[in-house]
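Residue-level listing of the chains:
2 protein chains.
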Amino acid sequence: MARPSLKENIVAAALDTLHRQGFNATGVQDITDAAGVPKGSFYNHFESKEDLGIEVIERYWQRALTHLGMLNDANVPPIVRLKSYFRSLDEISRKNKYQRGCLIGNMATEMSDQSRPIRERLAIVMAAWTRGIESCVREAQADGSMRRDIDAKMIASFLLNAWEGTAMRTKVDKDRTALEAFEKVVFTSLTQ
Amino acid sequence: MARPSLKENIVAAALDTLHRQGFNATGVQDITDAAGVPKGSFYNHFESKEDLGIEVIERYWQRALTHLGMLNDANVPPIVRLKSYFRSLDEISRKNKYQRGCLIGNMATEMSDQSRPIRERLAIVMAAWTRGIESCVREAQADGSMRRDIDAKMIASFLLNAWEGTAMRTKVDKDRTALEAFEKVVFTSLTQ
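So the protein sequences, as listed, match chains A and B.
Reading the first sequence from the start, the letters are residues 27 to 218 in our numbering.
Reading the second sequence from the start, the letters are residues 27 to 218 in our numbering.
Simulated from the structure, these hints should not be mistaken for lab results.
The reader is advised that the hints may include incorrect statements.
In this list, chains with the same sequence are indistinguishable; a pair is considered to hold if it fits within one copy or across any two.
Said to hold, decoys possible - Here are the simulated PhoX-like cross-link-like pairs (lysine-lysine), alpha carbons at most 25 Å apart as the crow flies:
1) 109 <-> 65
2) 65 <-> 33
3) 179 <-> 123
4) 200 <-> 75
5) 179 <-> 200
6) 33 <-> 179
7) 33 <-> 123
8) 65 <-> 121
9) 109 <-> 200
10) 210 <-> 179
11) 33 <-> 210
12) 123 <-> 210
13) 109 <-> 121
Build out the structure end to end from the sequences listed, making use of the hints.
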């Protein structure tokens, strides 16, 4: 097996550190310390912390995209897939003791007005995430399990945004209350 | 009219600066510069930036609470009040050019895992905000305009969280799409 590159070590350490502490609370030194590499090596691989931030978003998104794949499982009814998907995100929150939240949401909140390149990358990622949910919503509307009087794209966008707000609230309350409200309201009011 | 105190100047400047830049991107010096006061005077009034952060949350919440008062207007049907309330938040987003977002949500995302006193204050504020929405939801359920098969408290908590996620998404997209999805989905699926 190839030895992980120095760059790879930095990205992995940054993914963890930025997720835990946020972008502005984390210095380049914190990241290189966590990666166990000399601070000087950072700028051989990244132009700036912002540049690394974009790489970290991309890495996190690739994982999220793999997870999103469960929404395509044709062996499971689409409404069940949607419920399982949000339950699995809920499970991740629980395992993380309601800390960290979603890196995409965290970066969106903290960096949208501070970095145009980060904001633009987040817009692309969130649009792709919305499309992933939308195709499953469309299937659920087609088989009659989800209401059809609201456009699938609007429902998908709303679900992602409501989920992000739920993840945020969970960080504050440190319990399942917000997650329970999400599941109950969404799967009562949007199904039929 | 009494001259605003030095402390008051610092809180007002911090409210603006922390809302624009976030907590960790803002130094005490940025705040005292914005307030036009010497940096040394800061620690005569606040133990720490965290201490000021709590004061800023309180100040922002007092404003939000006044605004929330429109949900009690007995001259307007409760479902119309709810719609007008979220529309008015939407209007504030638009005026701010979809920048800044909600200070409560921003602090929740950035600081919940970094500061226990800030997180505890946010939990109190978000619980009070939820109760303000809940009483109007309860009235709308009583007059038959909102569905009754979901507990009013759950609906209220969900609405606040979904709104926060919507505000977050709006910061990324810099347009009304997320706000439109919120209004359409909520006022189609929760009303009857």
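Now the hints, each set against the structure:
For the homomeric pair residue 109 and residue 65, neither the shortest alpha-carbon distance inside one copy (44 Å) nor that between copies (52 Å) is at most 25 Å. For a Cα distance limit of 25 Å, the shortest separation of residue 65 from residue 33 inside one copy, 12 Å, qualifies, whereas the shortest one across copies, 40 Å, does not. In this homomeric assembly, residue 179 and residue 123 come within 25 Å of each other (Cα to Cα) only across copies, at 24 Å, whereas the closest approach inside a single copy is 32 Å. Within a single copy, residue 200 and residue 75 get their C-alpha atoms only as close as 30 Å, which misses the 25 Å cut-off; across copies the closest is 24 Å, which meets it.
For the identical chains of this complex, residue 179 and residue 200 are inter-copy neighbours only, at 18 Å across copies versus 31 Å inside a copy, given an alpha-carbon limit of 25 Å. For the homomeric pair residue 33 and residue 179, neither the shortest alpha-carbon distance inside one copy (38 Å) nor that between copies (48 Å) is at most 25 Å. Taking identical chains as interchangeable, the C-alpha atoms of residue 33 and residue 123 are never at most 25 Å apart, the minima being 29 Å within one chain and 37 Å between chains. In this assembly of identical chains, the alpha carbons of residue 65 and residue 121 never lie at most 25 Å apart, being 32 Å within a copy and 42 Å across copies at closest.
For the identical chains of this complex, residue 109 and residue 200 are intra-copy neighbours only, at 22 Å inside a copy versus 29 Å across copies, given an alpha-carbon limit of 25 Å. Taking the shortest Cα distances, residue 210 and residue 179 sit within 25 Å of each other both inside one copy (21 Å) and across copies (12 Å). For the homomeric pair residue 33 and residue 210, neither the shortest alpha-carbon distance inside one copy (43 Å) nor that between copies (45 Å) is at most 25 Å. For a Cα distance limit of 25 Å, the shortest separation of residue 123 from residue 210 inside one copy, 21 Å, qualifies, whereas the shortest one across copies, 33 Å, does not.
Only within a single protomer do residue 109 and residue 121 lie at most 25 Å apart by alpha-carbon distance; the minimum there is 18 Å, versus 36 Å between protomers.
Violated hints, in rising order: 1, 6, 7, 8, 11; the structure is consistent with all others.
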